[in-house]
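I would like the entire structure built from these sequences, with the hints used as guidance.
Chains as they are written, first to last, in the working numbering: chain A, 33 to 146; chain B, 162 to 273.
Incorrect hints may appear among the rest.
[To be verified] Reference listing, derived: stretches of chain A covered by chain B, where coverage requires no fewer than 3 residues with Cβ under 8 Å from a Cβ of chain B:
#1 78-92
#2 119-131
#3 135-145
[Stated by the list, open to error] Some chain B residues judged to face chain A by a derived CB distance under 10 Å, without partners named:
#4 Gln163
#5 Tyr193
#6 Lys199
#7 Glu203
#8 Ser212
#9 Ala252
#10 Gly266
[Claimed, not checked] Straight-line C-alpha distance at most 27 Å; calculated DSSO-like pairs for lysine-lysine:
#11 A:Lys72 with B:Lys260
#12 A:Lys72 with B:Lys166
#13 B:Lys260 with A:Lys73
#14 A:Lys73 with B:Lys229
If you're looking for bench data, these hints aren't it; they were derived computationally from the structure.
Backbone N, C-alpha and C fix where the C-beta goes; we use that ideal spot for every residue, glycine too.
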Amino acid sequence: ETGVTQTPRHLVMGMTNKKSLKCEQHLGHNAMYWYKQSAKKPLELMFVYSLEERVENNSVPSRFSPECPNSSHLFLHLHTLQPEDSALYLCASSQVLGGVQPQHFGDGTRLSIL
Amino acid sequence: DQQVKQNSPSLSVQEGRISILNCDYTNSMFDYFLWYKKYPAEGPTFLISISSIKDKNEDGRFTVFLNKSAKHLSLHIVPSQPGDSAVYFCAARIQGAQKLVFGQGTRLTINP
Chain A
33 ETGVTQTPRH LVMGMTNKKS LKCEQHLGHN AMYWYKQSAK KPLELMFVYS
83 LEERVENNSV PSRFSPECPN SSHLFLHLHT LQPEDSALYL CASSQVLGGV
133 QPQHFGDGTR LSIL
Chain B
162 DQQVKQNSPS LSVQEGRISI LNCDYTNSMF DYFLWYKKYP AEGPTFLISI
212 SSIKDKNEDG RFTVFLNKSA KHLSLHIVPS QPGDSAVYFC AARIQGAQKL
262 VFGQGTRLTI NP
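Pasting the structure below:
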């Protein structure tokens with residue numbers, strides 16, 4: 033496999049459930065990102081990791097908890113979500129943090145909160 | 162306050178003609194601009210970029226123009242092809258910062 037792979041592609045969960053989104057990149061990149069895309073809104077950056085260290089948390093509620101065990105894997109743990117959290121969650125990676133190389137995106141996880 | 166704006170939510174162009182997608186920004190600290198293309202059920206894919214020290218960058222059918230004084234960016238696609246039908250996002254990077262700021266996207270439809 034090449035590129036950035038996200039699983040699952042679709043997720044439906046209740047507000048009291050706990051679930052995790054997974055992202056894996058096979059590009060040898062050192063930086064990874066979580067974005068949220070709500071309907072008719074720009075992509076919103078949630079978290080940034082560089083070499084497994086979180087370097088940015090964009091005022092994201094604590095019900096979203098990221099984890100980066102190594103430079104190839106990124107998780108987003110979800111707990112007690114709200115209906116307004118329903119969105120497309122995109123993972124991206126780039127060669128280095130802050131460089132001019134573009135970010136490569138996965139195909140996203142479409143999350144629906146009941 | 163949205164720093165990167167794509168004021169046209171949609172654009173329809175005839176096949177073979179030129180497509181022009183526009184993007185305006187407010188932050189003069191942006192030093193790098195990118196265009197991404199997104200098909201339904203797929204993630205955005207990088208298309209073309211431009212540094213703030215340039216005013217034009219060309220790659221095949223795609224050309225990006227930057228007008229710093231007007232804080233305006235545009236993507237030209239010529240000739241337009243049916244496979245160009247997608248949502249196009251403009252993004253900008255603040256000098257020295259870690260993140261990209263995205264516009265809302267413009268849905269381009271190429272009609273046969």
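Here is how each hint holds up against the structure:
Judged by the Cβ-Cβ criterion of 8 Å, the segment 78-92 of chain A is covered by chain B as claimed, because 5 of its residues qualify and three suffice. Residues of the segment 119-131 of chain A lying with their CB closer than 8 Å to a CB of chain B number 4, which satisfies the three-residue condition for coverage. For the segment 135-145 of chain A, the proposed coverage by chain B is satisfied: 6 residues have a C-beta within less than 8 Å of a C-beta in that chain, meeting the threshold of three. Given the 10 Å rule on beta carbons, the hint for B:Gln163 holds: about 7 Å separates it from the nearest Cβ of chain A.
Hint status for B:Tyr193 relative to chain A: holds, with the closest Cβ pair at about 6 Å, below 10 Å. Using the Cβ-Cβ criterion of 10 Å, the hint placing B:Lys199 at the interface with chain A is satisfied: the shortest such distance is roughly 8 Å. Hint status for B:Glu203: holds, given a least beta-carbon distance of 5 Å to chain A, under 10 Å. Nearest Cβ of chain A to the Cβ of B:Ser212: about 7 Å, under the 10 Å cut. The hint holds.
The beta carbon of B:Ala252 is positioned within 10 Å of a beta carbon in chain A (closest approach about 8 Å), and the interface hint is therefore held. Taking 10 Å as the C-beta cut-off, the interface hint given for B:Gly266 holds, the closest approach to chain A being about 7 Å. Simply put, A:Lys72 and B:Lys260 have alpha-carbon atoms about 20 Å apart, close enough for the 27 Å limit, and the pair holds. Of the supplied pair hints, the one linking A:Lys72 and B:Lys166 holds, its CA atoms being roughly 12 Å apart against a limit of 27 Å.
Distance check on the hinted pair: B:Lys260 and A:Lys73 sit about 17 Å apart at the alpha-carbon level, within 27 Å; holds. At roughly 25 Å between alpha-carbon atoms, A:Lys73 and B:Lys229 fall within 27 Å of each other, so this suggested pair holds.
In summary, the structure agrees with every hint in the numbered list given earlier.
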